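Throw the hints in and build the complete structure from the sequences for me.
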Amino acid sequence: MRLTKFLTILALCSVFALAFAGCTKSKDSASPSNSSAPPASEQSSATPSADEAAAKLEKLGLDANLRFKETRKITVEIYDRGNTGGSKPEDNVYTKFIKDGMLRDHNVEVTFVPVPRWTEGEVLNNLLAAGQAPDIGVTYSYPTIQTYANMGGITDLAPLVDDYKDLLPNLWGYLTESNINWDRDPNTGKLWALEARLNVLNRINTFVREDWLKKLNLQAPTNLQEFENMLKAFKDNASTLLGKDADKMIPFSTSFDVGWRTDHLTTSFVPDNITDKDLYVYGFDDRKLLYPNYKEGIRTLNKWYNEGLVWKDFPLYPAGDKTEDNLMKAGFVGAFIHNWDYPYREGEDGITANLHKLVGPDANYIAVEPFPNDAGVYRKFLSAPVDRKVFFPATNKEPLASMFYLDWISKLENRVYLQFGEEGKTHEKMPDGSFKTIAATDEYIMNSPANIDYTITSNGLDTGNPDLTAKSIANGYAGVDARLIEIANKITTHDGRVGKNAKAGEIKAEEGQGEALSKKRDAFLDQAVVAPVDKFDAVYDAGMKDYLNSGGQAIIDERKAAWEKLYGSETMLK
Amino acid sequence: MAAAVRRKSLGYMKRYWVLYAMLLLPVSFFIIFRYIPMNYIQIAFKNYSIVKSPMEMEWAANHGFEYFIKAFSNRDFLYALRNTLLLNFLDLVFGFPAPIILAIIFNELAFKRFKKFTQTVAYMPHFLSWIIVAGMALQLFAPSSGLVNIMLNKLGFESIPFLNDSTNWVITYIALGIWKSVGWGTILYLAAIAGINPELYEAASVDGAGRMRNIWHITLPGLRPTIIVLLILSLGHILGSEFDRPYALGNKLVTDVSNVISIFVYNYGIRGLQFSLSTAVGLFQSVVGVIFLFGANALAKKFGDRGIW
Numbered sequence: 001m002r003l004t005k006f007l008t009i010l011a012l013c014s015v016f017a018l019a020f021a022g023c024t025k026s027k028d029s030a031s032p033s034n035s036s037a038p039p040a041s042e043q044s045s046a047t048p049s050a051d052e053a054a055a056k057l058e059k060l061g062l063d064a065n066l067r068f069k070e071t072r073k074i075t076v077e078i079y080d081r082g083n084t085g086g087s088k089p090e091d092n093v094y095t096k097f098i099k100d101g102m103l104r105d106h107n108v109e110v111t112f113v114p115v116p117r118w119t120e121g122e123v124l125n126n127l128l129a130a131g132q133a134p135d136i137g138v139t140y141s142y143p144t145i146q147t148y149a150n151m152g153g154i155t156d157l158a159p160l161v162d163d164y165k166d167l168l169p170n171l172w173g174y175l176t177e178s179n180i181n182w183d184r185d186p187n188t189g190k191l192w193a194l195e196a197r198l199n200v201l202n203r204i205n206t207f208v209r210e211d212w213l214k215k216l217n218l219q220a221p222t223n224l225q226e227f228e229n230m231l232k233a234f235k236d237n238a239s240t241l242l243g244k245d246a247d248k249m250i251p252f253s254t255s256f257d258v259g260w261r262t263d264h265l266t267t268s269f270v271p272d273n274i275t276d277k278d279l280y281v282y283g284f285d286d287r288k289l290l291y292p293n294y295k296e297g298i299r300t301l302n303k304w305y306n307e308g309l310v311w312k313d314f315p316l317y318p319a320g321d322k323t324e325d326n327l328m329k330a331g332f333v334g335a336f337i338h339n340w341d342y343p344y345r346e347g348e349d350g351i352t353a354n355l356h357k358l359v360g361p362d363a364n365y366i367a368v369e370p371f372p373n374d375a376g377v378y379r380k381f382l383s384a385p386v387d388r389k390v391f392f393p394a395t396n397k398e399p400l401a402s403m404f405y406l407d408w409i410s411k412l413e414n415r416v417y418l419q420f421g422e423e424g425k426t427h428e429k430m431p432d433g434s435f436k437t438i439a440a441t442d443e444y445i446m447n448s449p450a451n452i453d454y455t456i457t458s459n460g461l462d463t464g465n466p467d468l469t470a471k472s473i474a475n476g477y478a479g480v481d482a483r484l485i486e487i488a489n490k491i492t493t494h495d496g497r498v499g500k501n502a503k504a505g506e507i508k509a510e511e512g513q514g515e516a517l518s519k520k521r522d523a524f525l526d527q528a529v530v531a532p533v534d535k536f537d538a539v540y541d542a543g544m545k546d547y548l549n550s551g552g553q554a555i556i557d558e559r560k561a562a563w564e565k566l567y568g569s570e571t572m573l574k
Numbered sequence: 001m002a003a004a005v006r007r008k009s010l011g012y013m014k015r016y017w018v019l020y021a022m023l024l025l026p027v028s029f030f031i032i033f034r035y036i037p038m039n040y041i042q043i044a045f046k047n048y049s050i051v052k053s054p055m056e057m058e059w060a061a062n063h064g065f066e067y068f069i070k071a072f073s074n075r076d077f078l079y080a081l082r083n084t085l086l087l088n089f090l091d092l093v094f095g096f097p098a099p100i101i102l103a104i105i106f107n108e109l110a111f112k113r114f115k116k117f118t119q120t121v122a123y124m125p126h127f128l129s130w131i132i133v134a135g136m137a138l139q140l141f142a143p144s145s146g147l148v149n150i151m152l153n154k155l156g157f158e159s160i161p162f163l164n165d166s167t168n169w170v171i172t173y174i175a176l177g178i179w180k181s182v183g184w185g186t187i188l189y190l191a192a193i194a195g196i197n198p199e200l201y202e203a204a205s206v207d208g209a210g211r212m213r214n215i216w217h218i219t220l221p222g223l224r225p226t227i228i229v230l231l232i233l234s235l236g237h238i239l240g241s242e243f244d245r246p247y248a249l250g251n252k253l254v255t256d257v258s259n260v261i262s263i264f265v266y267n268y269g270i271r272g273l274q275f276s277l278s279t280a281v282g283l284f285q286s287v288v289g290v291i292f293l294f295g296a297n298a299l300a301k302k303f304g305d306r307g308i309w
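If you read the sequences in order, they're chains X and E. Per the working numbering, the very first residue in the first sequence carries number 1; after that it's consecutive. Per the working numbering, the very first residue in the second sequence carries number 1; after that it's consecutive.
Rather than coming from a laboratory, the hints here were simulated on the basis of the structure. Note that this is a predicted model, so its numbers are computed, not measured. The beta carbon of each residue, even a glycine, is placed where N, CA and C say it ideally should be. Fair warning: there could be bad hints in the mix.
As the list claims (entries may be wrong) - Stretches of chain X that chain E covers, calculated by requiring three or more beta carbons in the stretch to come under 8 Å of a beta carbon on chain E:
{"id": "1", "region": "114-127"}
{"id": "2", "region": "136-150"}
{"id": "3", "region": "312-320"}
{"id": "4", "region": "526-533"}
{"id": "5", "region": "540-554"}
To be verified - With a straight-line cut-off of 20 Å between C-alpha atoms, the simulated PhoX-like cross-links for lysine-lysine are:
{"id": "6", "chain 1": "X", "residue 1": "K397", "chain 2": "E", "residue 2": "K52"}
{"id": "7", "chain 1": "E", "residue 1": "K154", "chain 2": "X", "residue 2": "K312"}
{"id": "8", "chain 1": "X", "residue 1": "K244", "chain 2": "E", "residue 2": "K154"}
{"id": "9", "chain 1": "X", "residue 1": "K248", "chain 2": "E", "residue 2": "K154"}
Said to hold, decoys possible - Across the chosen pairs, the derived CB separations fall in these ranges:
{"id": "10", "chain 1": "E", "residue 1": "V288", "chain 2": "X", "residue 2": "T275", "range": "47 to 53 Å"}
{"id": "11", "chain 1": "E", "residue 1": "L86", "chain 2": "X", "residue 2": "E564", "range": "43 to 49 Å"}
{"id": "12", "chain 1": "E", "residue 1": "I36", "chain 2": "X", "residue 2": "T71", "range": "35 to 41 Å"}
{"id": "13", "chain 1": "X", "residue 1": "H356", "chain 2": "E", "residue 2": "V288", "range": "55 to 61 Å"}
Shown next as C-alpha cells:
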C-alpha cells in the first residue's frame, strides 16, 4: 500500500514537473518577441532623414559606430587543450577581454564553446550533426568543412565578405584578398571558409648535437655523405660520447611519422625544377609522399636503419608518446629532423633545459643544412601562408555579428594584446621595443602559445613590425642560447619554396580519403624503412601501389584534369 | 463467460498494476535508447546529410545498397574482416577455455587463504584499461628498450620481436587478452562449481575416484550449462570488434593483422566522415552476430542443452 502511495506521488510530481517545464519554455519563447518588438518600431521611426550609407546601416540594425542597436548573441569555438595548471578556455582573462571588447564595440555578446583540441574532428562532427555547432567554427581540416558543405551544413561566406567589405576593414586589411578568397570555388563561386594568416612560415629543421661534433672534431655536415659519415662516427665513438651508456646510442632518430621526420632528406631527392603543376597534382599528401623521386629519400633511411644508425623501436610508439623526447633529453640521440624549433620549446620542461641538466651546459642541438638537391640548392618546401580555416555552420543566425567578431579579432591592437598579454604579467618590453614573454602561472596563464587559440585569424607572432617580430620570436625561448634560435630561424626557410594556391576548387576524389590514406602512408613507409635492404623495393612498391589503388591515383587524375582545365598546358602559376 | 474473463483480468490488473507501473521505466528506457535509434539504421541505405532527418535523406544508389557494395569492394574492409575473424577465432579457441581451466585449478586449491589471494590477484588485470596494458606491453616487449628483451640480451639471446612482427604480434595480442580477462572470467564458473552437490564428490571418492576422475565426471558436467550459455554469447561476438585493444596494441609495422573492422570504421567513418559507409559496416556486423547467436543456440538445443532462450 505504501509503495502504491509512493508511486502515485511520484507520478503526480512528474506531471507537475512536465507542466512546469512546458510553462518555462513558453515563457522563454515569448520573451524574445517582447524584447524585439520595440527596436522594430524604433527602426521604422528613425529611417526617414538618413542618407544611403546610413540607411544601409539602419537596415542591418547598426548605428553609425557599427554597434548593433539591439544586443546580438553569438557562440565561438575555442580549443580546450586540457593543460595541467591552465585556465578554463571558455572563461579567463583573455575571454573577458574579447567579450568586453565585442560588447563595447559592436554590442555583441560572445559565448565560448570549448572543443577538445585532440579530438576536435569527432567533437565538431557531433556538434554539427546535433545542430549545436558554435556560430564560428575553426578547424585545421578543410576536407571536413568541404564534406559538411556538400551536406548543406555550412554557410556560404562569399556574399558576406563581399557585401560587408566596407564594414570589415580589419579583416580585409589583415587577411587580404589572397587569404579571404583562398578557398573560393572557381566553378560555383562558393566560399566555405576563410583561411587564417600564417605569419611565420618556419616549418622543419635538421638538428645535430653540437657538442658531439666538437668532441669528435667534426665540421657541421653540408651534404648527404658528410651527414652519413657523421652518423657513423657517432655510432663508432659511442663509448667516447656516452661512456657506460654506449649501448643506448641512437645516431639518428625518427618516429612512426617518417614523412614528417625525414622531410629535409626526402626533399633533397625531389628535382629542383619541379613545376607548380606537379607540386599541385602530386600535392595531396601533406608529407609530399607523391613528389617524384621521394622513394630515394626513404631508401637512404632504410639503408641507415639496416646499418644500425636509426632508432630501432621508432615505429612502435604512437603519436604524442614521450619516449623519443626522453631519449633526446637523456642525451642519447645524435641527430633528427623535426619542427623547426623542436628542441628549444617548452622552457624548463624542454629538451634543451633537460640536456643541460642531465648532460652538461654545452650539450645543445644545432640546426644544420646537410641535404642539397640535384641543383645544389638546400630546398625546403614551405606551406602556403594559410593556417586554420574559419567557417560558419548553416545554423548560424548572426552572420553579420559573427563577421564583426572576425574583424575585431583581426584588429592589430587586439591581436597584439592577445598574443603578448599584459605587460609585467606575461611579457616585458625590451629596450629595443621587442616583447619578451614571461611564463605566467596565475590567471594570466595562456593555454596555447601566444594565445593562438583565440587569435583565430592569425597564427605566429606578429607585432605589425617585421623587425620587432623577429626579435620577439628570438626572445621567446627562455634558457636557450639566442644564437641557436637565430640559426634555426634562418635555416628553416632558407632556399624555401612557398606553397601557392592553384585555386582549382573541390576535388571530389579527396572526400573522406585524407585520414585513411595518411594512415596507409605512415604504415607502408615504416614497413619499408625497417625492411631488409634487398626487400626495400618490394615493400615500398607494394605499399605505394596499395596507396594509389585506394584512392591516391584518382586524386592525382582529378587534380591533373582540374589544372589542365584552368591553365591548359601552362606548368607554372603566375 | 466473457464477463467472467474480463472480471478476472480486471482483478489481475488491480492486484498487480504496481508491478506493471514499475516495468514502465525500463521499457521506456529500451524504447528511447535502443529502439528509436534503430531508425538511424536507414543511414546505411541513404546518402547521409547532417542537416536532414534520416527520413528525408535520399536513397543511395543501387537500390540503397551502394555503401555495402562500396565496403565489400574495398580491400581494406576485406582485410579488416579477415583480421577480425582471425583474432576473434583465436581468442575463442585459446581465450574461452582458459577461465574454465583456471576455475577448476582454483577449486582444487587446498589452502583457502592462498586461493583467495591468487583469485584476487587474477582479477586485477581486468580493471586495467587497454591503454594502460598497451603502455606496459611497450615497456616490457619493445625490441631494444623492453625489459624482457633486455633480459634476453643479457642472457645471450637475440631480441624477440613481440610487437613488430605480424605473427608474434598476434600471439602477444591473444596472450595479453587471456592475461587480462582470465581471472575475471572464472567468477561465473566458480559460482557454478559452488552449486555442485558435494555429496557427489564424496560418493565418487568412496567408489575410489581420484582427483582427475572427479574433475572429469563431476565438475565438468556440472559446468556444462554455464559453458554452453557463455559459448553462445561469445559466438554472437565473433564479428564484433573491440576498438581499444587492437588500436592501442597495434603499431605501423603490423597493420596487416591489426586493422580490424572497428579501426576501419574509425578511420573511414569517424575520421573520414563517411557515415553511411560505417553504418553499413556496423549493420553487417550486427546481422552476422545475430545469425551466429541463433545458430549456436539452435545447435545447443539440438544437442539436448537448454540454450539461452
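> Hint by hint, which ones does the structure fall short of?
Replying inline: none
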